[in-house]
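So the protein lines, in turn, are chains A and B.
When you line the first sequence up against my numbering, it's residues 91 to 205, in that order.
When you line the second sequence up against my numbering, it's residues 250 to 366, in that order.
Keep in mind that the hints are not guaranteed to be accurate.
[To be verified] Straight-line Cα separation of at most 25 Å, SDA-like style, residue types lysine to any residue; simulated pairs:
| no. | chain 1 | residue 1 | chain 2 | residue 2 |
| --- | --- | --- | --- | --- |
| 1 | A | LYS161 | A | ARG192 |
| 2 | A | LYS91 | B | PRO288 |
| 3 | A | LYS161 | B | THR297 |
| 4 | A | LYS91 | B | SER291 |
[To be verified] With the C-beta cut set under 8 Å, the calculated list includes, among others, these residues of chain A facing chain B:
| no. | residue |
| --- | --- |
| 5 | GLY106 |
| 6 | LYS107 |
| 7 | LEU193 |
| 8 | PHE195 |
If you're looking for bench data, these hints aren't it; they were derived computationally from the structure.
Quick caveat, the model's predicted, so the values are computed rather than measured.
For every residue, glycine included, the Cβ atom is placed at its ideal position computed from N, Cα and C.
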Amino acid sequence: KNQVEQSPQSLIILEGKNCTLQCNYTVSPFSNLRWYKQDTGRGPVSLTIMTFSENTKSNGRYTATLDADTKQSSLHITASQLSDSASYICVVSADRGSTLGRLYFGRGTQLTVWP
Amino acid sequence: SAVISQKPSRDICQRGTSLTIQCQVDSQVTMMFWYRQQPGQSLTLIATANQGSEATYESGFVIDKFPISRPNLTFSTLTVSNMSPEDSSIYLCSAWDRTPSGANVLTFGAGSRLTVL
Numbered sequence: 091k092n093q094v095e096q097s098p099q100s101l102i103i104l105e106g107k108n109c110t111l112q113c114n115y116t117v118s119p120f121s122n123l124r125w126y127k128q129d130t131g132r133g134p135v136s137l138t139i140m141t142f143s144e145n146t147k148s149n150g151r152y153t154a155t156l157d158a159d160t161k162q163s164s165l166h167i168t169a170s171q172l173s174d175s176a177s178y179i180c181v182v183s184a185d186r187g188s189t190l191g192r193l194y195f196g197r198g199t200q201l202t203v204w205p
Numbered sequence: 250s251a252v253i254s255q256k257p258s259r260d261i262c263q264r265g266t267s268l269t270i271q272c273q274v275d276s277q278v279t280m281m282f283w284y285r286q287q288p289g290q291s292l293t294l295i296a297t298a299n300q301g302s303e304a305t306y307e308s309g310f311v312i313d314k315f316p317i318s319r320p321n322l323t324f325s326t327l328t329v330s331n332m333s334p335e336d337s338s339i340y341l342c343s344a345w346d347r348t349p350s351g352a353n354v355l356t357f358g359a360g361s362r363l364t365v366l
């Protein structure tokens, strides 16, 4: 069964601290993995997209890693800011022979950054 | 990147009534998607809206409950019919977009938060 599991479910950190969010998946065949950020009252916004051959990808203070062998990904946030408070969603795409494969969504990690 | 606008952003409805959510994309797209996001749950695809043909519904969702229109390549509507409190959720419209680097990214509207009393 194709699944995406994220941990922790929620996380509270102090402003300026770093944190790492985890995503484990069983989706096969694998096409790509995306991390989205969803602010309260907004739709998800793409942070990174990683294909099978990519191990690390950065977007500002966000760094995503991918281990396709163990089917794990992480999203590391450096020097957190209050604006980082949001839900972070891991999305895995199954390969259907095109780049627009079926998507499997995690439940998200709710991050709260306190001043 | 594409901008997707949804309305209403939120509404409170009475049981048994219907509500239509509108989704406007600022560029032409082949497929538009409707998702439901319930508290603590992952996004669930309701249906794919194609211009000129009937929407394709996912398992567990039916046209009578969630009729969809797609009159052109930039617009779609989702109606939630005969609502019950279990339909209280966020409904999201989305479409594929292409980043400057050429990657396909699923872009979402801000969502419509529906509360059924």
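Tested hints:
At most 25 Å may separate the alpha-carbon atoms for a hinted pair to count; LYS161 of chain A and ARG192 of chain A meet this at roughly 17 Å. Under the criterion of a C-alpha separation no larger than 25 Å, the hint pairing LYS91 of chain A with PRO288 of chain B is consistent with the structure, at around 23 Å. Annotation: proposed proximity of LYS161 of chain A to THR297 of chain B is violated, straight-line Cα distance about 28 Å (limit 25 Å). With a CA separation close to 16 Å, the supplied pair LYS91 of chain A and SER291 of chain B stays within the 25 Å bound.
The interface hint given for GLY106 of chain A is broken, as the beta carbon of that residue sits about 29 Å from the closest beta carbon of chain B, more than 8 Å. With a least beta-carbon distance of about 25 Å to chain B, the hint placing LYS107 of chain A at the interface is violated under the 8 Å criterion. Hint status for LEU193 of chain A: holds, given a least beta-carbon distance of 7 Å to chain B, under 8 Å. A distance limit of 8 Å between C-beta atoms decides the matter here; for PHE195 of chain A the minimum to chain B is near 4 Å, and the interface restraint holds.
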